[in-house]
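Peer 1: On the provided structure of chain A, position chain V with the ligand as indicated by the hints.
Protein chains in written order, with numbering that gives the first Met the number 0: chain A, 0 to 69; chain V, 0 to 493.
In case anyone wonders, no lab produced these hints; they're calculated from the structure.
This one's a predicted model, so the numbers in the text were calculated from it and none came from an experiment.
C-beta: ideal position from N, C-alpha, C; glycine also.
Treat the hints with care, since some could be wrong.
Claimed, not checked - Between beta-carbon pairs, the in silico distance windows are:
#1 V:Gly370 - A:Gly8: 31 to 37 Å
#2 A:Met0 - V:Glu324: 44 to 50 Å
#3 A:Ile54 - V:Ser442: 45 to 51 Å
#4 A:Lys20 - V:Thr4: 43 to 49 Å
#5 A:Thr44 - V:Glu163: 38 to 44 Å
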Amino acid sequence: MPSVMIRKGDGNELLFYIAKKDQEDPIETVETDTEEAWGGLVTLTDGSEWYIDPISPRPTFPTTLRFKRA
Amino acid sequence: MSSMTREETQALIQEVLEVYPEKAKKDRAKHLTVNDHEIEQSKKCITSNRKSAPGVMTIRGCAYAGSKGVVWGPIKDMIHISHGPVGCGQYSRAGRRNYYVGTTGINTYGTMNFTSDFQEKDIVFGGDKKLEKLIDEIETLFPLNKGISVQSECPIGLIGDDIEAVSKKKNAEINKPVVPVRCEGFRGVSQSLGHHIANDAVRDWTLGARDDDDTFVQTDYDVAILGDYNIGGDAWASRILLEEMGLRVVAQWSGDGTISEMELTPKVKLNLLHCYRSMNYISRHMEEKYGIPWMEYNFFGPTKMAESLRKIAAFFDESIQEKCEVVIAKYKPEMDAVIEKYRPRLEGKRVMLYIGGLRPRHVIGAYEDLGMEVVGTGYEFAHNDDYDRTIKEMGDATLIYDDVTGFEFEEFVKRVKPDLIGSGIKEKYIFQKMGIPFRQMHSWDYSGPYHGYDGFAIFARDMDMTLNNPCWNKLKAPWLASDDDEASVAAAGE
Ligand code: SF4
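With the rest of the complex left out, here is chain A (with noise of 0.2 Å):
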């Protein structure tokens, strides 16, 4: 359960950011992607999968959140 820092890229983007290893890549998809709730499965551009359990209300980049390897 690495720690993930979220934030906005350039482009406003949002991009995965673990800590641990030094790795960040922009964000593909996030399963639920609402006003009122945010998470799920989360796809990065890289191909890896990531789970948190959906967050309600939505959190307000930048953020540090638990992720689950998918």
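Peer 2: Same frame as chain A, now just chain V with the ligand:
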């Protein structure tokens, strides 16, 4: 001048790896690669931030070097205690050339070495008492210091001294920040973890000091320079440009910086990050906690500088953007003159680099402005996010090497035959003796600044001075030189 093809470069890597035993070969192969623009993520082609193989010559430092030497050391009005035996601090004293303004020994302490000079009895009985005494002595002898940091050397972690407790106690007593930093040299695989530990210590012990204090008058144009260590005056050459643009530089981290500047940084509007490797951690933290955006910029060479200045200006209103254009236009004639003078002398020359945190990618643009080509680059202690950024900057099919060993570097150089090498002091004399022009790119070979417009003029001059130095034709004794050599010397006209 002929560049190597992808296959040739690949073959060269294979050839160099041949001498290693099977296991080391497999291991080292992951750290050497041929640049490929098709690859988006460096983890597909290079492994980094791993322990160096035992028995090879590596050029890395330790976590203490990353914290004391890089991040904390340049904060000029604090006293940084090298806690442990005398050598770690003494042999690295003042080596990085972080310039600062102040009277050393009175209100600034940058080039001095403070150490607890551990002896056998301190190892046996613990050194906490000694540390307390040392802090008292500092307070008596250097009352104008604004704070103290305790930089642990290896033995502190090994004997389990409680420097946090001492720091808290002394902090209450002397009413100044006393920051314990757990940067024992054995932590991590290189100085890189030292940067991280130092960033965390800043976060935990100083950054929030003025959170509840709004007496500092803010403006909409406040910025901080992060990750510029003012080597040879770099940060000054950058700062004046930002100020000309109408921005107010509140803090310099940490070249010529002070602890008060650090404490004020949470109040700025934008963090400007030069060395990503050593200060991205604190930038990310400030973004999350205080909502301060950060951006990487590059002040090497006019092309990159114009790009960066515009990108910085885009964060602010039109008045700044206008002034940004004025600044770029103002320096353009100066830069054109520099390029006109040096480019003909340097055009087409090939460079190999092997440096530290940001330069292996940041200086590429500056060389290109002079018509030179970087044919190989590598980092001592990068992580994959650094290589992600490097792939785009480097030419296709060029060599990239991570934590290169002494042997590999020499072999690469023998085959690639660059016209200039930029690396550190440990490599300098080897390559000079091999007859290859060399610049020490950590401390700018006792020159600098290289950042900013003023810096580029010095950079160009230095490269020319090194590359076209007549001494390179005199490496062979006259009685050994054949007629060919003389003819080529004459033809070169130098
Ligand atoms: S590795 Fe340990 S002993 Fe060596 S310089 Fe670093 S802190 Fe000192």
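Peer 1: Now look at each hint and say whether the structure bears it out.
Peer 2: Here is what the structure says about each hint:
| no. | hint | result |
| --- | --- | --- |
| 1 | V:Gly370 - A:Gly8: 31 to 37 Å | holds (33 Å) |
| 2 | A:Met0 - V:Glu324: 44 to 50 Å | holds (48 Å) |
| 3 | A:Ile54 - V:Ser442: 45 to 51 Å | holds (48 Å) |
| 4 | A:Lys20 - V:Thr4: 43 to 49 Å | violated (33 Å) |
| 5 | A:Thr44 - V:Glu163: 38 to 44 Å | holds (41 Å) |
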